[in-house]
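S.K.: With the hints as constraints, model all of the structure from the sequences given.
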Amino acid sequence: MTLRAIIMKEWIQTFRDKRMLLIIFAVPVLQMILFGVATDNEVRNLRTIIVDQDRSGLSREIFSAVSRGDYFHVTEITGDVNYGVSALMQNRARIVIVIPPGLEGHFRSADAKAQVQLMLDGSDGNSATIAMGYLLRILNSTAEKAMPAAVSGLRPSVHPLHIETRVLYNQALVSSHYMVPGIIAMILTVITTMLTAMGITREKERGTFEQLVVSPIRGWELMLGKTIPYAVIAAVDAAIATGIGMLIFQIPLAGSLSALVVLNLAYILAMLGMGLFISTISQTQQQAMMTVFAVLFPFIILSDFFFPLENMPQAVQYGTLLNPMRYALRAQREIFLKGSGWEQVWPNILVLTGFAVAFLSYGSLRFRKSLQV
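When we follow UniProt numbering, the leftmost residue of the sequence shown carries the number 1, and every step to the right adds one.
Simulated from the structure, these hints should not be mistaken for lab results. Any given hint might turn out to be false.
[As the list claims (entries may be wrong)] Below are the EDC-like pairs computed for lysine to aspartate or glutamate, each with C-alpha atoms no more than 20 Å apart in a straight line: (1) K113 x E76; (2) K113 x E144; (3) K369 x E203; (4) K145 x E205; (5) K369 x E205; (6) K226 x E205; (7) K113 x E164; (8) K204 x E221; (9) K226 x D237; (10) K113 x E205; (11) K369 x E221; (12) K226 x E203; (13) K145 x E104.
M.R.: And the structure:
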């Protein structure tokens, strides 16, 4: 066989496989689009709540200054500090600016009681540090412009507004504390899906899948037998990764351990269903592996792991609602860093359970059909 014949043979085999063609040409386009719209590490559109207990001209100037530009997105103005703290806990806000009563009066009289408090969600230490710098600059500039003439004439470089900064959750702003829960979620995503998809396609490649089909074992028993071991492996990997995160990286487990376990189990079941589905559309391990990477790439990019969801276009943000890794990652961080328990993370667990039921049902249906072929 000549070199030309071998090359022609490879071309024919490659272009004969429609699934492989889809992976070869469609996936790079998808990756380029996703990287283009998602890879933005700038601090932008941070959800901000202003607790305005002063209702004065100065408080309105602060609101106007913070709202100007695209760094901060003021979602609410309230008078309740506890509401702002609750919003930080529930991930409905990243920053709370507290303007106490009587601020303008103290400020105009150059009183030391003229104080504004900043409360920041420190889960993402890098974003919190940058946001803090932006806010301090904005507030200082606003105070200098609003400074009474009598005061500014005496000390032009100093204004009487004091800014107190309070970082909640990950007070030391350690970046690894933010990344480790994401790594755990990614490990569960890749390991569970890859093992399930490649484990079943391996049987097809070896020709032993047909032997299992004609054996006395029932279809549901075969499916459970092929997936349960991988679920156990994923659960063990999750426990090991959690232990490493706590022992080596000193990440605190501030929330409910039982909620974390149930959350991981729900996510593992969802990824088992995804792996089961991929195994039914793949004939070889190579196909399965490439399909897994093609499917999981958007999961990881659009999960808030590397790139903030707030920076993505609105349409893409809505699309991330269909990404199970988004819910697993968010709940992991809330449990580890914010001390969340069942009351806070049950919506995420419920959504992941829905994904698990949907993926397993559809994957099981296709698996049973493959047994009948």
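S.K.: Take the hints in turn and mark each one as holding or not.
M.R.: Quick rundown of the hints versus the structure:
Our distance criterion of 20 Å between C-alpha atoms is broken by K113 and E76, whose separation comes to about 25 Å. About 17 Å separates the Cα atoms of K113 and E144, which keeps this hinted pair within 20 Å; it holds. For a cut-off of 20 Å, the pair hint linking K369 to E203 stands: about 16 Å separates their Cα positions. A hinted pair counts as satisfied when its Cα atoms are at most 20 Å apart, and K145 with E205 does not qualify at roughly 73 Å.
Only pairs whose Cα atoms come within 20 Å are accepted, and K369 paired with E205 is accepted, the gap being roughly 18 Å. Distance hint between K226 and E205 is fulfilled; the C-alpha atoms sit about 15 Å from each other, no more than 20 Å. Distance check on the hinted pair: K113 and E164 sit about 11 Å apart at the alpha-carbon level, within 20 Å; holds. Of the supplied pair hints, the one linking K204 and E221 holds, its CA atoms being roughly 18 Å apart against a limit of 20 Å.
Only pairs whose Cα atoms come within 20 Å are accepted, and K226 paired with D237 is accepted, the gap being roughly 18 Å. Distance check on the hinted pair: K113 and E205 sit about 75 Å apart at the alpha-carbon level, beyond 20 Å; violated. Distance hint between K369 and E221 is fulfilled; the C-alpha atoms sit about 15 Å from each other, no more than 20 Å. A threshold of 20 Å between alpha carbons decides the hint, and for K226 with E203 the separation of about 10 Å falls inside it, so the pair holds.
Between K145 and E104 the alpha-carbon distance is near 13 Å, which keeps this suggested pair within the 20 Å criterion.
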